[in-house]
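What follows is the residue order along each chain.
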Amino acid sequence: MAKMLIDCDPGHDDAIAILFAARRCELVGITTVHGNASLENTTRNALAICTLAGLDIPVARGCDAPLVGAATHAGDIHGRTGLDGAELPVPDRGPIATHAVDFIIEQAERHKGELVLAVVGPQTNVALALRREPRLASWLKAITIMGGSTTIGNITPAAEFNVYADPEAAAAVFACGAPTWMVGYNVTRQTGFTQPEIDRLRAAGGGRRTAAVIADLMQFYLDGQKRVFGLDIAPMHDVCAVFPFVRPDLLTFVEAAVEVELAGRLTRGMTVCDLRNKRAGAPGAIQEARRPNARVAVASDARRLIAEVIDVVLAFP
Amino acid sequence: MTKILIDCDPGHDDAVAILTAARHLDLVGITTVFGNAPVEDTTRNALAICTLGGIAAPVAQGFAGPFLGGTPPFAAAAHGRGGMDGAEMPEPDRAAEPVHAVELIIELARRHKGELVLAIIGAHTNAAVALRLEPRLKDWLRAITVMGGTAGPGNVAPTACINVYSDPESAHVVFSSGVPITWIGYELTRTVLMRSPDIARLRAGGRVARAMGDLAEFYRRSYVRIYGIDGAPMHDGCAILPFVRAGLVRHEPAALAVETAPGLARGMTLVDRRGIQPGLDLPPPRAPRPPNVMMAVEVDVPATIDAFVATLLSYP
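In the order they appear, the protein sequences are chains A and B.
With my numbering as the guide, the letters of the first sequence map in order to residues 677 to 993.
With my numbering as the guide, the letters of the second sequence map in order to residues 90 to 405.
Calculated from the structure, these hints are not laboratory results.
All residues carry an ideal CB built from backbone N, CA and C; glycine is no exception.
Check before you lean on any hint, since a few could be wrong.
Here are the in silico distance ranges between beta carbons for each label pair [what the hints assert, rightly or not]:
1) A/D899 x B/P374: 42 to 52 Å
2) A/P765 x B/Q366: 29 to 39 Å
3) A/A939 x B/S265: 18 to 28 Å
4) A/I772 x B/D370: 55 to 65 Å
5) A/P765 x B/L369: 45 to 55 Å
6) A/A880 x B/E258: 18 to 28 Å
7) B/G336 x A/A851: 26 to 36 Å
8) A/D740 x B/P391: 51 to 61 Å
9) A/N953 x B/L371: 31 to 41 Å
10) A/G957 x B/P391: 55 to 65 Å
11) A/R807 x B/P286: 38 to 48 Å
12) A/G906 x B/V390: 26 to 36 Å
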């Protein structure tokens, strides 16, 4: 089982990622960041999820704003609290005293060469940790990112929310040199719960507190996705970033050079992925192909992936 | 019969576009621009194609560089140093018209008010300057059809195709002009491949087809070398097709904007494919723009290649 730390901004799909990683990985900690909602809300939501599912995992609070500029939230999808749609338990504890940035460094040092850092919110905490501890990139086994896209954005036509919410931080993370997996919106948009699957969670969850609450959350989330994007699935963005270390066979990756657009009038926060398949050394480009720095997901076996997720959710009390 | 003016930078695939338009449409003029090669070369190549195909349409030379200046990024790696290497082309039997491309575009649009389709298959500089110089041009044109940009991988840059990358400001002027625009991007045209058997059919044909077969073979080899793609992509011809025969290309309305800011994505044609639902009062940056192009989303590749090959074989 992979040792994993999740840096997140719950968030409906973040909640699923936490539950899934808690069962299918050795989840050593959760750090929170601004993003889908304010830091205060995302931290409370992370704690509420742990309380709901009985997870005894440390939660550390991180940064409440991006490196540059003001925070962006996604209330139109996740609601005012960041996790609207269900009656969540009051957290049975608070976050630990350690800051998320320090906690990430501490855990990476303790589990040198073993820790997978799953970054499923804006990348502010991770970027700061990489700067504060220059050895961090070499300590990590991998960074796996839900963020960016090869094709299509959600917050803007070009940009996916997590990268858009702190492009400078994402640029630092993609350039850090640690083995990096990117599961972007191009894949996660098509990988989600259908209405029958949510109904199944609700039906099978009779007596199971966690499944019942998750079904309510997913219903709210699906309704939002339908209203805003016309989607008939509730995309499970964040859990997709856990899969390379649980069931790598359910995703297809290509090696590619990924850079984050920091300028741009229309494209700021876009992950510019070089998928030209330009042959090394071949002439013909004004911008030459760079060396790949990430394994970029281009396809998923969505139905089997979601079936794995449902099994895990239903196994909680 | 549709009247068409082709603004181009021949270019192997431009040659097929010109010969296809001359065969099936009323090709009223050709204007040239820098792009695949310097404008002197693209003009000579356009005249040579006309000579080869017996095409009488006037050819007028246009801009040698982008609107904001700077060195244009030519595509010698794919098209060769002359912009259209690989075949024995005839010496042009005439010179370019003594008018600038911009004047010819405006003049022909005025003469054929409401009828003229402007095909832009090179850099957008001529078209943009014409639109700014004659504000009525946008009302005179029936439509603009564009090959350029990409909604997927690029060629000269990770997310940009040379025709828009060469002059993003001019492409912005064209795409925001308000003229009805039919658009096909590089992500689709790079799949419209003339493969070795098609090239062999051309080489067994008449004088024109043989020359085009030689050009296609050169271009195919470039694509093998650069991208590992085994075929000569018929980028520019794809912009002409919707006016030749219905049903070969399927289109959907789309909002397209050109990134003009300096950065990694400069010259990208950004298409909003988020599916944001109508009637929502979303704040920026989530709010969508209204559609401004009919975007090609699917090409019937075998039928398209057959149409090009049959057209070229119909020449002497």
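Right, here's what the structure says about each hint:
Separation of A/D899 from B/P374 is about 22 Å and departs from the stated range, judged on CB atoms against 42 to 52 Å. A beta carbon spacing of about 33 Å between A/P765 and B/Q366 agrees with the range 29 to 39 Å that was offered as a hint. At roughly 20 Å, the beta-carbon separation of A/A939 and B/S265 lies within the given 18 to 28 Å, and the hint holds. A/I772 and B/D370 have their C-beta atoms about 40 Å apart, which leaves the hinted 55 to 65 Å range violated.
In this structure the supplied range 45 to 55 Å is violated for A/P765 paired with B/L369, their Cβ-Cβ distance being about 32 Å. Between A/A880 and B/E258 the C-beta distance comes to about 58 Å, which lies outside the given range of 18 to 28 Å. In this structure the hint that B/G336 and A/A851 lie 26 to 36 Å apart at CB is violated, the actual value being about 47 Å. A/D740 and B/P391 have their C-beta atoms about 56 Å apart, which keeps the hinted 51 to 61 Å range intact.
At about 36 Å, the CB distance of A/N953 to B/L371 agrees with the hint of 31 to 41 Å. The beta-carbon spacing between A/G957 and B/P391, approximately 33 Å, falls outside the hinted interval of 55 to 65 Å. Restraint check, A/R807 to B/P286: a C-beta distance of roughly 57 Å breaks the suggested window 38 to 48 Å. With their beta carbons about 29 Å apart, A/G906 and B/V390 fall inside the hinted range of 26 to 36 Å.
Violated hints for the displayed structure, listed by number in ascending order: 1, 4, 5, 6, 7, 10 and 11.
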